[in-house]
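Visitor: Top to bottom, those sequences are chains A and B. Each residue of the first sequence is one higher than the last, beginning at 79 in this note's numbering. Each residue of the second sequence is one higher than the last, beginning at 411 in this note's numbering.
Keep in mind the hints are simulated off the structure, nothing from the lab. Just so we're clear, the structure is a prediction, and the values are computed from it rather than from any experiment. C-beta: ideal position from N, C-alpha, C; glycine also. Hints may be right or wrong, so weigh each one.
Ranges between beta-carbon positions, derived for each pair [stated by the list, open to error]: (1) A:F92 <-> B:W513: 56 to 62 Å; (2) A:S91 <-> B:L739: 54 to 60 Å; (3) A:L184 <-> B:F435: 23 to 29 Å.
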Amino acid sequence: MEYRLELKNVSKSFGEVQALENINFQLGRNEIVGLLGDNGAGKSTLIKIITGYYQPTSGEIYFNGKKVDHLSVPKARELGVETVYQERALAELQTLWRNIFLGRELCNSLGFLDIQRMRDETHRLMTQSMGFTSSAISPDSHVGQYSGGEKQGVAIVRALFFDADIIVLDEPTMGLSLKETAILVNFVNSIKKAGKSAIFIDHNILHVYNVADRVVVIDRGKVAGEFLTKNIGLNELMDKMVHVAESGKLE
Amino acid sequence: MNSQTNANAPEVIQHYKEPFNFRRFIRANSAQLGILGVLIVLWIIFIISAPRTFLAPDIYSAFMATIPFFAIMAIPLTIIVIAAEMDLSFPSIMVMGMVAFSWVYNVTAFLHNATIQVFLAIVAALITGTIIGWLNGFIIVKFGIPSLVVTIGTQFLWRGADLVLTQGANFSLEYVKPTFFYPLFVGTIDKYFPMQFLWFIVIAILGWVVLNRHRFGAHIYLIGDNINSAELMGVDTGRTRIQAFMLVGLVSAFAGILASFYVTYFWPSMGDGYLLQTLASVFLGGTSVFGGVGTILGTFIGALIIGAIEAATVAAGLTGFWTQFIYGLIIVLSVIMHTYLRKRGE
Chain A
79 MEYRLELKNV SKSFGEVQAL ENINFQLGRN EIVGLLGDNG AGKSTLIKII TGYYQPTSGE
139 IYFNGKKVDH LSVPKARELG VETVYQERAL AELQTLWRNI FLGRELCNSL GFLDIQRMRD
199 ETHRLMTQSM GFTSSAISPD SHVGQYSGGE KQGVAIVRAL FFDADIIVLD EPTMGLSLKE
259 TAILVNFVNS IKKAGKSAIF IDHNILHVYN VADRVVVIDR GKVAGEFLTK NIGLNELMDK
319 MVHVAESGKL E
Chain B
411 MNSQTNANAP EVIQHYKEPF NFRRFIRANS AQLGILGVLI VLWIIFIISA PRTFLAPDIY
471 SAFMATIPFF AIMAIPLTII VIAAEMDLSF PSIMVMGMVA FSWVYNVTAF LHNATIQVFL
531 AIVAALITGT IIGWLNGFII VKFGIPSLVV TIGTQFLWRG ADLVLTQGAN FSLEYVKPTF
591 FYPLFVGTID KYFPMQFLWF IVIAILGWVV LNRHRFGAHI YLIGDNINSA ELMGVDTGRT
651 RIQAFMLVGL VSAFAGILAS FYVTYFWPSM GDGYLLQTLA SVFLGGTSVF GGVGTILGTF
711 IGALIIGAIE AATVAAGLTG FWTQFIYGLI IVLSVIMHTY LRKRGE
């Protein structure tokens, strides 16, 4: 079977520090993979290689079975990767519509912006997808005024708007209220229903366990192991995580 | 996420139009309205203190003749500051453009056609300015050195190159007068309206279009706001910033052409006095030194204020010694006003 995304022997070092070592990772069609690991295990580095922000020191990246060299952020987005970053990647002094279309402005062949269309689409997304009803939130309002959950909503809706095949969620529940978290988990489930794939990173094992088909455990820059969630109980997974964190080994 | 509610809605493209709200309009444009208010108040003070000068048309013609030489450069500088960068080298770029200009004019003497020679010289000046701007941007982006530091260096470097190449000489540019470029750049319309002011307006409009209606400008705002976000979302922050520095170079070389055509003279310290006036125009206009915020209209008005103060002080009966004091007062008060307005807008 052809994977939507496959990493073969990917390593990344920053100077002397080996952040990732010979990572082999696959993401199937219509699959949600949870990435688990302690702080500094290399989850975010792995994500940033997939999104084209970092180039791997060595190793190969395949999209739909085709090898991709020199992956960059625009190239990854073209290949259908959309990301909700841990740091949200918003420009807080700018308006909502500028944030929704950040780095992907709708414009004509000469580069002139189609502002009316971006405002229209933002308004549609706001009312239909984000469920924002507060009158303070309009396409022309500034994102810096929003609450944490609203900001996260902007980051998520932005990932959805551009017809992505692979949605990467890096710590998406951070700073969210319980209700907002429930909406988010719902949303991740809807990714699967829509036939798309997702990579889900979270500190909260419960969230990951509930939405992921498969869990990949990363420790000290290496894949320590992987499990299908249907084959493992939550308690067993938690025990294993603690064991990995202490010993660096699964067994 | 609650898509069920709209699942059956027909696919109609609704045009979103914000209902006009006076208070929101004021809030969204507070910086521009604020500085416009300062201009109007100052103008009224000028008229009251020197009615004979300020109710006659001549003073305005004089303002329009002298303001553009520094104000034109404030337009691309606004773009640089919005991107949270800084450029202090533009006065030296002004003069280096003219060094290239006179060199090309001299080496093309065999053409025996002043118009073609001046045309080639203008092209050479603009290209030189753009290349120096590119070099600024390249050093800043590739080596990751703060632009303030780099352009302090290149400011000395190009002023020094100018002095070495010209050996500090002044010379006349009388030869541009018969060419058609002289009236095009620094002539007057109806013996009243200076062409250089028209160029200032044209460059301000172009600057506004690029900043507000083009992807380049959108990226400038994003870079100045949060360069990390811009990079994560795939904005080519390096290329965009280099392009912004190239714009400063191009426009500074053009300002150098205007300033030296106006007096048909080349002098190697040209641009020396423009550094702080130009920067003051940008900050007076409400552009934030932290980046992400700023407007061309604000800078335009800021430049008018800076350009008018000197003449107005003297016309109002104060000695020239007062000028700097009043500059300082207006700049400090306006910057406080902008900070206050920005905090209220949040």
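Visitor: All the hints need checking, so say for each whether the structure fits it.
Guide: Evaluated hints:
1. A:F92 <-> B:W513: 56 to 62 Å: 47 Å, violated
2. A:S91 <-> B:L739: 54 to 60 Å: Taking Cβ atoms as reference, S91 of chain A and L739 of chain B lie about 56 Å apart, which means the hint holds.
3. A:L184 <-> B:F435: 23 to 29 Å: 25 Å, holds
Hint 1 from the list above is the single one not met by this structure.
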